[in-house]
Amino acid sequence: MAVQKKIPLRKCVATGEMKPKKEMIRIVRSKEGTVSIDPTGKKSGRGAYLSKDKEAVLLAKKTNALSRHLNVQIDDSLYSELIEYIEKEKK
Numbered sequence: 001m002a003v004q005k006k007i008p009l010r011k012c013v014a015t016g017e018m019k020p021k022k023e024m025i026r027i028v029r030s031k032e033g034t035v036s037i038d039p040t041g042k043k044s045g046r047g048a049y050l051s052k053d054k055e056a057v058l059l060a061k062k063t064n065a066l067s068r069h070l071n072v073q074i075d076d077s078l079y080s081e082l083i084e085y086i087e088k089e090k091k
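With the UniProt record's numbering as the guide, the letters of the sequence shown map in order to residues 1 to 91.
Since the hints were derived computationally from the structure, they do not count as laboratory data. Heads up, the beta-carbon is just placed ideally off N, CA and C, and yes, glycines get one too. Please note that the accuracy of each hint is not assured.
Computed beta-carbon distance windows for the label pairs [as the list claims (entries may be wrong)]: (1) 6 / 33: 32 to 38 Å; (2) 46 / 18: 18 to 24 Å; (3) 31 / 3: 36 to 42 Å.
Straight line, CA to CA, 30 Å or less: simulated DSSO-like cross-link-like pairs of lysine-lysine [said to hold, decoys possible]: (4) 52 / 62; (5) 31 / 21; (6) 42 / 5; (7) 6 / 21; (8) 19 / 31; (9) 62 / 88; (10) 52 / 90.
Turn these sequences into a full structure, and let the hints steer you where they fit.
Okay, structure coming up:
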């Protein structure tokens with residue numbers, strides 16, 4: 001009997017949905033306070049997960065979910081970067 005491997009789930013900070021880690025984007029805040037996209041999911045720092053969905057990114061921007069979770073001011077350019085990242089990955 002094969003043991004089914006547990007799929008790590010993460011909660012989207014914008015929608016509150018639980019999804020497999022692979023379907024999420026990790027945004028990380030370093031000790032210096034810089035916020036960046038973490039495609040590997042291994043950068044050190046405070047992480048927040050967003051669904052790989054344009055709507056989720058726009059919702060996070062509207063509700064300020066990322067800045068609340070990471071306790072830092074989020075620049076609008078990060079949201080544009082996230083949307084570009086999602087568009088690229090869909091191709």
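Practice prompt. Kindly indicate which numbered hints from before are broken by the structure, ordering the numbers from low to high.
Written response: Violated: none.
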